[in-house]
Amino acid sequence: MSGKSSSRIIEKKTRRLLDGGSPRFMDLFAGCGGISLGFLTAGFTPVASVEFDRWAAASHGANFAAASAGANPGRHHLARDITEEDPASILADLGVSGKVEDQVDVLVGGPPCQAFAHVGRAKLRHEARRLQLVDAENAFLVDGRVNLWQRYMHYVRQTRPVALLMENVPDILNHGGTNVAEMVAGSLRAEGYLVAYTLLNAAWYGVPQTRERMFLIGIHESLGIQPVFPAPTHHAVLPPGYEGTRATARKHLAATEGHSHLWIDDPAAGAGFPAATSAWEALADLPPIFALRDLEAGILKRGRKDPEEPCPYTTAAPGSAWSRLMRHWPGFGTEDRTTGHVIRYLPRDYKIFRVMEEGWQYPEVWHYIEEKRRALELERLKNRLPTDRRTAEGKAFHRDWTLPYDPRKFPNKWWKLCRDRPVRTLMAHLGKDSYSHIHFDSEQARTISVREAARLQSFPDGFVFKGSMNPALRQIGNAVPPLLAYAIAMAMRESIGCQAIEDIRVGLLGLDPALVRTTAGRK
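Taken in order, the sequence shown gives residues 1 to 523; the numbers are from the numbering used here.
Take these hints with a grain of salt, some might be off.
Stated by the list, open to error - Dumping the calculated EDC-like pairs for lysine to aspartate or glutamate here, alpha-carbon to alpha-carbon at most 20 Å: (1) 413 <-> 364; (2) 4 <-> 85; (3) 305 <-> 433; (4) 251 <-> 266; (5) 413 <-> 370; (6) 432 <-> 296; (7) 99 <-> 86; (8) 351 <-> 335; (9) 351 <-> 296; (10) 372 <-> 406; (11) 413 <-> 400; (12) 395 <-> 371; (13) 305 <-> 294; (14) 351 <-> 371; (15) 4 <-> 191; (16) 4 <-> 296; (17) 351 <-> 308; (18) 12 <-> 221; (19) 12 <-> 191; (20) 382 <-> 371; (21) 301 <-> 281; (22) 432 <-> 406; (23) 351 <-> 393; (24) 395 <-> 370; (25) 382 <-> 370; (26) 99 <-> 11; (27) 372 <-> 357; (28) 301 <-> 85; (29) 251 <-> 221; (30) 413 <-> 357; (31) 301 <-> 400; (32) 12 <-> 85; (33) 413 <-> 358; (34) 301 <-> 443; (35) 382 <-> 393; (36) 351 <-> 294; (37) 409 <-> 433; (38) 351 <-> 502.
Bear in mind the hints are in silico, worked out from the structure with no lab data behind them. Computed from a predicted structure; not experimentally measured.
Based on the sequences and whatever the hints tell you, model everything.
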């Protein structure tokens, strides 16, 4: 498509937006819909989504089909392979008529991040060694998911959006020594877009989670507007390790010539910013689940857990601004109940969870149990009793307190939430086990529920997840926090000339309107 043709298309779309039209968006690699929810709430209309995982696609359809622009909302829940389908075929299937380039104002999405993330690289190396492949150390470099951003570019060329958003992990700034975000920015500049990218931490935007991600915004050059990012609204003390990650990312950004990046700083404490949302604020009004008591009473059993199982609230009113937002999110409000407040069946571990202190990780638990074991052996030696595992007491101790992992290999395997601060990053691994997020309440002595994970990711209580518990937790861990996506969407909405709308962060979270603004960051 020629530059003149592209500019005419953008001009037509922009004129429609200036006349009060709702900006229409397509969500690629949509997952269950974290970005979609943020943009929908910011007044954007969903046109289509593309998601390969069947349960995530089903969740997306359940939550967004009714609001979509197409004439065939019943097709919205279908899983789709972005490498095999074009925008034209998807829009036609969803009942969206007209030329493809006329139907999408904003393109959003985050190509799979596992190949970029250090965790994903380690898994690829392990599998390559198992298969005895050549150059196993660099197996992550040839992972096909790395190049899915090029498919994103194909959709940019086909739909010609006025603006676009891409999300990924910080490691995309240094993938095998290459700043892939800058490669994407270069490709977008060649297509006529002004581009900026940066790192944003979800806790700065009110999400009760210190999730750090790269975000890239592009706006067509014909608008003459430089992309901007939302200014942080909260102050958060990041856990140890985050500052090192940010410093490394900053170094790679500074080394990029002709860069497109911006830098968003952590708001200073005491500068008028409220403290980051804590785990207690996020979860305290949900009904308690006393795992040990329910296990002994026969209530808690092994078996499939349904993330759509109803759960009545035990408190009539929300206990915090956060719970007010979760219960009254526009379009996803709840009255007297939520769903999915279900937990893993881990009978071996509930006693251990009870003795853990807030902030403990796996090594602290291991040392506690070792001290407990040595004290037991010493007591039996004093009484001249056998100390080996063959005794009844030794068997009981081994059954109740033996840990399954080497603490030197899995130092971060377990973590108990601290009630007075945001939680660590929720990841897709939640779909396999939830030891990384153990509830802070020792009386409940359990890992977090599906609904608690959703709240920590800022999904409202009326948002439903399809599939059993494991797929639901994986969807949540993979998602972009909707509240962060909302902040970005509001900034983009202003940039492309849309009419102002009421901000839920002021109405429901009670933020000072002066905090809800945009910023260009700094080079």
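Hint by hint, here is what the structure shows:
no. : hint        : in the structure
1   : 413 <-> 364 : 11 Å, holds
2   : 4 <-> 85    : 27 Å, violated
3   : 305 <-> 433 : 14 Å, holds
4   : 251 <-> 266 : 17 Å, holds
5   : 413 <-> 370 : 17 Å, holds
6   : 432 <-> 296 : 25 Å, violated
7   : 99 <-> 86   : 13 Å, holds
8   : 351 <-> 335 : 35 Å, violated
9   : 351 <-> 296 : 12 Å, holds
10  : 372 <-> 406 : 17 Å, holds
11  : 413 <-> 400 : 19 Å, holds
12  : 395 <-> 371 : 17 Å, holds
13  : 305 <-> 294 : 15 Å, holds
14  : 351 <-> 371 : 16 Å, holds
15  : 4 <-> 191   : 12 Å, holds
16  : 4 <-> 296   : 72 Å, violated
17  : 351 <-> 308 : 28 Å, violated
18  : 12 <-> 221  : 14 Å, holds
19  : 12 <-> 191  : 18 Å, holds
20  : 382 <-> 371 : 16 Å, holds
21  : 301 <-> 281 : 29 Å, violated
22  : 432 <-> 406 : 19 Å, holds
23  : 351 <-> 393 : 16 Å, holds
24  : 395 <-> 370 : 15 Å, holds
25  : 382 <-> 370 : 18 Å, holds
26  : 99 <-> 11   : 15 Å, holds
27  : 372 <-> 357 : 15 Å, holds
28  : 301 <-> 85  : 43 Å, violated
29  : 251 <-> 221 : 28 Å, violated
30  : 413 <-> 357 : 15 Å, holds
31  : 301 <-> 400 : 18 Å, holds
32  : 12 <-> 85   : 26 Å, violated
33  : 413 <-> 358 : 15 Å, holds
34  : 301 <-> 443 : 19 Å, holds
35  : 382 <-> 393 : 15 Å, holds
36  : 351 <-> 294 : 13 Å, holds
37  : 409 <-> 433 : 17 Å, holds
38  : 351 <-> 502 : 47 Å, violated
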